[in-house]
Amino acid sequence: MTFKEIQELIKLVNKNKLSEFKLKDGDFEISIRTEKYAKSKSVAVSPVPQALAQAPAPTTPAAPAASPAMEKPAQTDAPKKKESHNYLEIKSPMVGTFYRSAAPDKPPYVKVGDTVEPDTVVCIIEAMKLFNEIEAEVSGKIVKVMVEDAQPVEFGQVLFLVEPA
Amino acid sequence: MTDLKELSPKTLFTGKQFWFYPLLDSTSEQLRRLLQGENLPTYSYYSNTVGSTLGKDLPEGSLVLTDFQTRGHGQRGSHWHSEPGQNLLFSLLLRPRFLKPDKQFYLNQAIALAIHDSISMLLPQGEVFIKWPNDLIVKGFKLAGILIENSLSANEMRSSIIGVGLNVHQLSFPKELVHVTSLEKEGVKTKRRSLLKNLLESIERRYLQLRQNRFDELRKDYLSVLFRFGEWAPYRLREGTLIEGRFIDLLQSGQLLMEYRDGKQRVFAFKEVEFVY
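Protein chains in written order, with the working numbering: chain U, 1 to 165; chain P, 1001 to 1277.
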């Protein structure tokens, strides 16, 4: 990254009223904190790798109003909650008991890392002895199972997080 | 070998198309396989349909019957015991798309009532009850069990597999099954085939009642034959405590409202409370 590009970046951070900005790409790392929105101001620049210096800084926001692009590199520092917004949720359509498998001696319908299609059965919700196979309704990869096997669930409760395909 | 191959229920769709297997793992499992388009070569069968469409378009009312199942089951791994050729073991495919998932307990009421309708004609009046949520009992002894497995898609009841086990001729049961009986044990002489025909007709009648949204009628009929409803009786809570109470209301979810002697009330879901005889 050239000195001019770093200057541009600082301007952008100020303009968007960010208190802190970090960018990491391989060995290259930059973090900017502003006085107005934080207590101290610091600019740290580590050595620029050759490839990155030549390329037109792919992760640097090109346009002034590039807040979505700014968000992306900041993600590593963002709270976990924010991260889950990118995931699709499979929710319980009813009050009942959540079961991960068809029967106690059978393997779970899906595990973390499994790919699901909209019609993939992901679990069973039992409500008053009626057993309901629940379909994923989304495509993607299971990243988290939110409920323990055989636990009660509420209407609309998130059962799985899915990374969109 | 069997009397179940000739079956001609007077129905619109229920049991019109059937598969009879001398031996199966479980009728509900097999029906599920037919729904997925497979008919395992492992099991020989007789069907009144030739070259019918298996798979997702399997018609409503499709019926799987067996004389003996090796992995017959009730809910969550509980085994369903039945001697070969003695009883009725079947699974029926319904497609209650018209029913909102939060009203699915009405499907349970309709099926339990249908079986009650057929059986109660064979026994003295007031002897057959539905034990909440869906066991059929005679003098406190279990005569039939129901297992309903739905497939939901986009909050729609895409299909329901209605599994039924009804004890007909079997006279002796394993020692661990103490509260079990059969029609013959209760002195009823009947043929499996005519009973099945009658059951299928009853199921369709109750199912059509459900399809016409006649929920209040179903509820009223269900409560009128619900074992111990409104009566003071002992119950055991899940944590083991014995209590005395009486059920005074049925919620749409299928939960029951119980009143205690001190006037307090509590809502119970299935398995949270056990009947004490």
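Watch out, some of these pointers could steer you wrong.
[As the list claims (entries may be wrong)] Taking lysine-lysine pairs in the BS3-like style, the calculated list, with each CA pair at most 27 Å apart, reads: (1) U:K91 <-> P:K1197; (2) P:K1005 <-> P:K1189; (3) P:K1056 <-> U:K111; (4) P:K1220 <-> P:K1271; (5) P:K1139 <-> P:K1100; (6) P:K1010 <-> P:K1056; (7) P:K1220 <-> U:K141; (8) P:K1271 <-> U:K106; (9) U:K91 <-> P:K1264; (10) P:K1131 <-> P:K1142; (11) P:K1131 <-> P:K1005; (12) U:K106 <-> P:K1056; (13) U:K91 <-> P:K1131; (14) P:K1175 <-> P:K1131; (15) P:K1010 <-> P:K1189; (16) U:K91 <-> P:K1271; (17) P:K1264 <-> P:K1100; (18) P:K1271 <-> P:K1016; (19) U:K91 <-> U:K141; (20) P:K1100 <-> P:K1131; (21) P:K1100 <-> P:K1142; (22) P:K1189 <-> P:K1220; (23) P:K1271 <-> P:K1056; (24) P:K1191 <-> P:K1139.
Bear in mind the hints are in silico, worked out from the structure with no lab data behind them.
Against the structure, the hints come out as follows:
1. Only pairs whose Cα atoms come within 27 Å are accepted, and U:K91 paired with P:K1197 is rejected, the gap being roughly 41 Å.
2. A C-alpha spacing of about 20 Å is found between P:K1005 and P:K1189, which places the hinted pair at or below 27 Å, so the restraint holds.
3. For the given pair, P:K1056 sits about 25 Å from U:K111 by alpha-carbon distance, which is consistent with the 27 Å threshold.
4. Between P:K1220 and P:K1271, the direct Cα distance comes to roughly 23 Å. Compliance with the 27 Å bound is thereby established for this hinted pair.
5. Note on P:K1139 and P:K1100: the hinted pairing is violated, with a Cα-Cα distance of about 35 Å set against a maximum of 27 Å.
6. Straight-line distance between C-alpha atoms of P:K1010 and P:K1056 comes to about 25 Å, which keeps the hinted pair within the 27 Å bound.
7. A threshold of 27 Å between alpha carbons decides the hint, and for P:K1220 with U:K141 the separation of about 46 Å lies outside it, so the pair is violated.
8. As the CA atoms of P:K1271 and U:K106 are separated by approximately 22 Å, the hinted pair is consistent with the 27 Å bound.
9. Pair hint U:K91 plus P:K1264 does not hold up; C-alpha atoms about 34 Å apart against a cutoff of 27 Å.
10. Proximity of P:K1131 to P:K1142 is assessed by CA-CA distance (about 9 Å); at most 27 Å being required, the pair is judged to hold.
11. Proximity of P:K1131 to P:K1005 is assessed by CA-CA distance (about 31 Å); at most 27 Å being required, the pair is judged violated.
12. Distance hint between U:K106 and P:K1056 is fulfilled; the C-alpha atoms sit about 23 Å from each other, no more than 27 Å.
13. As the CA atoms of U:K91 and P:K1131 are separated by approximately 32 Å, the hinted pair breaks the 27 Å bound.
14. A hinted pair counts as satisfied when its Cα atoms are at most 27 Å apart, and P:K1175 with P:K1131 qualifies at roughly 22 Å.
15. For the proposed pair P:K1010 and P:K1189, the alpha carbon gap of about 22 Å is at most 27 Å, so the pair holds.
16. A threshold of 27 Å between alpha carbons decides the hint, and for U:K91 with P:K1271 the separation of about 24 Å falls inside it, so the pair holds.
17. At roughly 32 Å between alpha-carbon atoms, P:K1264 and P:K1100 are farther apart than 27 Å, so this suggested pair is violated.
18. Restraint check for P:K1271 and P:K1016: the C-alpha separation of about 36 Å exceeds 27 Å, so the hint is violated.
19. Between U:K91 and U:K141, the direct Cα distance comes to roughly 15 Å. Compliance with the 27 Å bound is thereby established for this hinted pair.
20. Between P:K1100 and P:K1131, the direct Cα distance comes to roughly 24 Å. Compliance with the 27 Å bound is thereby established for this hinted pair.
21. A distance of roughly 30 Å separates the Cα atoms of P:K1100 and P:K1142; the hinted pair therefore is violated under the 27 Å criterion.
22. Proposed proximity of P:K1189 and P:K1220 is contradicted: the alpha carbons are some 30 Å apart, above 27 Å.
23. A C-alpha spacing of about 33 Å is found between P:K1271 and P:K1056, which places the hinted pair above 27 Å, so the restraint is violated.
24. A C-alpha spacing of about 22 Å is found between P:K1191 and P:K1139, which places the hinted pair at or below 27 Å, so the restraint holds.
Hints 1, 5, 7, 9, 11, 13, 17, 18, 21, 22 and 23 from the list above are not met by this structure, while the remaining hints are.
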